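**Q** Next come the chains, spelled out residue by residue.
There are 2 protein chains.
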Amino acid sequence: MEKITSAKNQKIKQWKKLQTSKGRRETNQYVIEGEHLYLEAVKSAMILDTVVVTEKFLSKVNPAHLEQVILVTDDVMHTLSQTETSQGIFCILEIPEQRLPKTFNGKFVLLDGVQDPGNAGTIVRTADAAGFDGVIFGEGSVDPYNDKVVRSMQGSQFHIPIYRGNIRDMMGEFEYIYGTALDKNAKDYREVPQTDNIAVILGNEGNGVSSEVLEATTHNLYIPIIGKAESLNVAIAGGILMYYFV
Amino acid sequence: MEKITSAKNQKIKQWKKLQTSKGRRETNQYVIEGEHLYLEAVKSAMILDTVVVTEKFLSKVNPAHLEQVILVTDDVMHTLSQTETSQGIFCILEIPEQRLPKTFNGKFVLLDGVQDPGNAGTIVRTADAAGFDGVIFGEGSVDPYNDKVVRSMQGSQFHIPIYRGNIRDMMGEFEYIYGTALDKNAKDYREVPQTDNIAVILGNEGNGVSSEVLEATTHNLYIPIIGKAESLNVAIAGGILMYYFV
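Chain order of the listed sequences is C and W.
Add 351 to a position in the first sequence, counting from 1, and you land on the number used in this note's numbering.
Add 351 to a position in the second sequence, counting from 1, and you land on the number used in this note's numbering.
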């Protein structure tokens, strides 16, 4: 079993590059950290390119993956880790290539410029829980394989497809496509039918869904604000809308 | 107008202490950062103890508050700021003393060990939006005046009361009190009546609502998981449940 004891090792340098969007694009790989996500990946029969562990975590590795295991010292693990307390296990995975379907059957969430990684990851996790059929990261949205998005998804990327694409180009492909908007020209979400073939578009944290997109929807929906808050967090709005269609 | 040019100034040291739970407890003060929260505080007629600004932000301060203004240099502001890009304006406020009502009329959210500041703050913001009457931070929950909670609340602490207290001691005071649980002994949330006098208990990110609390509720509710996610994020679950009762 290969063992790496220096943070200056060439492989460590390569893996560090996966912390950037550019590095992930070039290699088509991303990283998951921690035992929980490792077990989720194994359960979902994901192909693990490499499993990096400290001595202490070696016993937790499935024997089927021992060929890909590289042992590292605690110090090297600390260099690789993007969380404050290193998780002892770190895996490198291929980013699955998801081709956009020609027609969209089922329930989808479209992200139009959602930039906060915690929000985007939580939306994917909620879409998984609500039995949705996919999440599409539109232009201007955070990279779905950013470490913070991955942490918030909690393994849901293994359960539902994540696509990237241009939202405006695909809007005609949905039976019902709903934007979300704060203005009262939009419809109360509880007024639209709870049908199966739908898409919900969630927008940027500061600016909402872009106006060109809002103009091309079936309807735009709002969630009534009863109190004095200006708006809802985008992931919360997404949760309420997705569960409305469950 | 007082001007502070050194980060070693005694006042700066005092204000830095408000970044800790202990410091806030000792002085009964907390901090809001940025123009948006300052304007929210003004709109809500909050009493501002001190307004700290850089030269550039001075023009944004309401003339009614000029007596409390202290000018600081960009460097000093940077020392005080808890965000990466300093916001140029920083206010010190009293923590409002909220006595728990003897009987609870209306809709409440109880946090039983919610520890992530982003989750807790988002729950307060959602409770505000959903027209709830208060949020109670139970023991083991994050400090509601922690800077990250304050950032996620987005000013909702000015709109609805935030209480602290022992959840077990107050459970008898609600007409309907609902725990949240993942196990199927709980009831689908859509089966309970959408009545006005309710409390919803949200639990710790890892362990959920504690078993002693779950045993003393009217019912425990679950949100159906259709896909393969293990659970929902606690703030998302809170959003779905609160909007069910709207």
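It is worth saying that the hints were derived from the structure and are not from the lab.
This one's a predicted model, so the numbers in the text were calculated from it and none came from an experiment.
Among the hints, a few may not be true.
The list treats identical chains as one, so a pair stands whether inside a single copy or across any two.
[Claimed, not checked] With a cut-off of at most 20 Å between alpha-carbon atoms, the simulated EDC-like pairs for lysine to aspartate or glutamate come out as follows: (1) K359 - D534; (2) K579 - D547; (3) K453 - D520; (4) K354 - D400; (5) K394 - D494; (6) K359 - E524; (7) K499 - E556; (8) K407 - D547; (9) K368 - E418; (10) K407 - E435.
**Q** Are the hints correct? Go through all of them and say.
**A** We went through each hint and held it up to the structure:
no.	hint	verdict
1	K359 - D534	neither (54 Å within a copy, 48 Å between copies)
2	K579 - D547	between (33 Å within a copy, 19 Å between copies)
3	K453 - D520	within (12 Å within a copy, 57 Å between copies)
4	K354 - D400	within (16 Å within a copy, 58 Å between copies)
5	K394 - D494	neither (24 Å within a copy, 37 Å between copies)
6	K359 - E524	neither (49 Å within a copy, 61 Å between copies)
7	K499 - E556	both (16 Å within a copy, 17 Å between copies)
8	K407 - D547	neither (48 Å within a copy, 53 Å between copies)
9	K368 - E418	neither (23 Å within a copy, 51 Å between copies)
10	K407 - E435	within (18 Å within a copy, 35 Å between copies)
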